[in-house]
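Undergrad: Whole structure, please, built from the sequences with the hints as guidance.
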Amino acid sequence: GDFFPENPRTLDELLEAMARRMAAMAQIMNSMSPEQQAQIQALSDQLLEDLDLSWQVSQLGDAFHDLFPGMGWEESREFTGDQPIGMGEAMAAMEELADLDRLEQMLRGATSPGALAEVDLDRVRELLDDEVADSLDRLADLTGMLTEAGLVEQVEGRLQLTPRAIRRLGQNALGDLYRRLDRDRAGRHDQSHDGVGHEREYTTRPWEYGDPFDLDIQATVRNAVARNGQGIPVSLAVGDFAIERTESEVRASTVLMLDLSLSMPMRGNFLPAKKTAMALHQLMASQYPRDYLGVVTFSEVAREIQPERLPEVSWDYVYGTNMQHGFALARRMLIGQPGNRQIIMVTDGEPTAHLTDDGRPLFNYPPTTETVDRTLREVRRCTRDDIRINVFMLDATPYLTRFIEQVTRLNGGRAFMTDNRELGDYVLVDFVEQRRTVRSRR
Numbered sequence: 032g033d034f035f036p037e038n039p040r041t042l043d044e045l046l047e048a049m050a051r052r053m054a055a056m057a058q059i060m061n062s063m064s065p066e067q068q069a070q071i072q073a074l075s076d077q078l079l080e081d082l083d084l085s086w087q088v089s090q091l092g093d094a095f096h097d098l099f100p101g102m103g104w105e106e107s108r109e110f111t112g113d114q115p116i117g118m119g120e121a122m123a124a125m126e127e128l129a130d131l132d133r134l135e136q137m138l139r140g141a142t143s144p145g146a147l148a149e150v151d152l153d154r155v156r157e158l159l160d161d162e163v164a165d166s167l168d169r170l171a172d173l174t175g176m177l178t179e180a181g182l183v184e185q186v187e188g189r190l191q192l193t194p195r196a197i198r199r200l201g202q203n204a205l206g207d208l209y210r211r212l213d214r215d216r217a218g219r220h221d222q223s224h225d226g227v228g229h230e231r232e233y234t235t236r237p238w239e240y241g242d243p244f245d246l247d248i249q250a251t252v253r254n255a256v257a258r259n260g261q262g263i264p265v266s267l268a269v270g271d272f273a274i275e276r277t278e279s280e281v282r283a284s285t286v287l288m289l290d291l292s293l294s295m296p297m298r299g300n301f302l303p304a305k306k307t308a309m310a311l312h313q314l315m316a317s318q319y320p321r322d323y324l325g326v327v328t329f330s331e332v333a334r335e336i337q338p339e340r341l342p343e344v345s346w347d348y349v350y351g352t353n354m355q356h357g358f359a360l361a362r363r364m365l366i367g368q369p370g371n372r373q374i375i376m377v378t379d380g381e382p383t384a385h386l387t388d389d390g391r392p393l394f395n396y397p398p399t400t401e402t403v404d405r406t407l408r409e410v411r412r413c414t415r416d417d418i419r420i421n422v423f424m425l426d427a428t429p430y431l432t433r434f435i436e437q438v439t440r441l442n443g444g445r446a447f448m449t450d451n452r453e454l455g456d457y458v459l460v461d462f463v464e465q466r467r468t469v470r471s472r473r
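Position in the sequence shown (from 1) plus 31 gives the number in my numbering.
Since the hints were derived computationally from the structure, they do not count as laboratory data.
Glycine included, every Cβ here is placed at the ideal spot set by N, Cα and C.
Check the hints yourself; a few may be wrong.
What the hints assert, rightly or not - Pairwise CB distance ranges (calculated):
{"no.": "1", "residue 1": "D416", "residue 2": "P264", "range": "52 to 60 Å"}
{"no.": "2", "residue 1": "M297", "residue 2": "T432", "range": "16 to 24 Å"}
{"no.": "3", "residue 1": "T400", "residue 2": "T432", "range": "42 to 50 Å"}
{"no.": "4", "residue 1": "T428", "residue 2": "R321", "range": "36 to 44 Å"}
{"no.": "5", "residue 1": "V349", "residue 2": "R156", "range": "34 to 42 Å"}
{"no.": "6", "residue 1": "V269", "residue 2": "L441", "range": "50 to 58 Å"}
{"no.": "7", "residue 1": "Q437", "residue 2": "P296", "range": "24 to 32 Å"}
{"no.": "8", "residue 1": "N395", "residue 2": "G370", "range": "49 to 57 Å"}
{"no.": "9", "residue 1": "R340", "residue 2": "I366", "range": "57 to 65 Å"}
{"no.": "10", "residue 1": "Q437", "residue 2": "E339", "range": "48 to 56 Å"}
TA: Okay, here's the thing in structure tokens:
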């Protein structure tokens, strides 16, 4: 082992080091032109024949190939540059590139804390630097802690957020937005009128003529005792009557359309939009559990996802904003759902894609008349089915603004122009305001 810079300590390590060198030599040969390969092979054959080693070396190479099949024996590499290098330097370069390939494969396949812990950090320091090795070490520790805390789990060979983690992320996103609202003095826009819904607030007010006769018995008796003093029987008067306050609510159904086209991350809009979607999901799950929430993501095409999977959503590496497909899918999801029905669309681009009659996505920029017409046709279908479309525009261009004005005229929904810093404020405040149907006292 003294002849090997790797300083192998065991027979297995020695064999692996020898296999890496032979694989590197094979890659060098594979990277040469046929003429160069023939010249090198002729020199090698002459040398080995003189030493009577040709057959033994061939057998050794086959054995190493069988023992270490993942060494990239058949790979070739392309090099450019005007500086010649010797065979020893080429061998070292090939070995280093092979190590980088193996490191990449290991990191791509590291879906558990144990797999990360198996990465050779010393080799990472040699190939990359100390900072990368330290980051991998911290990542392995963090993954282990998240697993122990019940926030991630391994499902079908990959790490996945647990329901507990998804709830916590939603709570954090919602809390951040509410804190912003408090700072901006927007609050939650509570209204002073009382409705006749079913969600109790556990506070009371005096009964008035025209109110439902749904008395709070304890509060009514307390009022009578406070007026008359203690004594039996308790004498009741109309002024003693107290009723429970109720928050005026009707059940609602919402589909959130989230733009995942490439322009969203390029303009810095993706993460604020994703955070807003998670906050809306948490708001509805905690305060409006009877409501329906669906999520449609769209870029070149649209697709339905479960709201619980929002933390895992990423943008699509394609161009195209297919609102037509998104509206069609959202409408099908809302058909048959109870209560007020609405689509909330968050986007930063005009419609640049649609589905053809045979179901293929077609992208054009600038938008074509056909794309716009097909998109507005879906808007009319939503209007016909009494589904309101509310649009939140990020970085609105004049063209997008004019198009959304057409949508609101056809549908009767509302449009908001905002930036990624205030998106969450707009969406949540508007949702809560529209969610409460204010019924004045009669």
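Undergrad: Is 34 to 42 Å a correct range for the gap between the Cβ atoms of V349 and R156?
TA: Holds, at about 38 Å.
Undergrad: Do the Cβ positions of D416 and P264 conform to the proposed distance bound of 52 to 60 Å?
TA: Distance hint for D416, P264 holds at roughly 58 Å.
Undergrad: Evaluate the given range 42 to 50 Å for the C-beta pair formed by T400 and T432.
TA: violated (18 Å)
Undergrad: I want to verify a distance hint. Is the separation of the beta carbons of T428 and R321 within 36 to 44 Å?
TA: holds (39 Å)
Undergrad: In this structure, is the beta-carbon distance linking V269 and L441 contained in 50 to 58 Å?
TA: holds (51 Å)
Undergrad: Kindly confirm whether 57 to 65 Å is satisfied by the beta carbon distance between R340 and I366.
TA: Given range 57 to 65 Å: violated, Cβ gap about 23 Å.
Undergrad: Is it true that Q437 and E339 lie within 48 to 56 Å of each other by Cβ?
TA: At 34 Å between Cβs, range violated.
Undergrad: Is it true that Q437 and P296 lie within 24 to 32 Å of each other by Cβ?
TA: At 27 Å between Cβs, range holds.
Undergrad: Between the beta carbons of N395 and G370, is the distance compatible with 49 to 57 Å?
TA: About 37 Å separates the Cβ atoms of N395 and G370, which means 49 to 57 Å is violated.
Undergrad: Indicate whether the distance between the beta carbons of M297 and T432 respects the range 16 to 24 Å.
TA: Between M297 and T432, where Cβ atoms are some 20 Å apart, the hint holds.
Hint violations for this structure: numbers 3, 8, 9, 10, all remaining hints satisfied.
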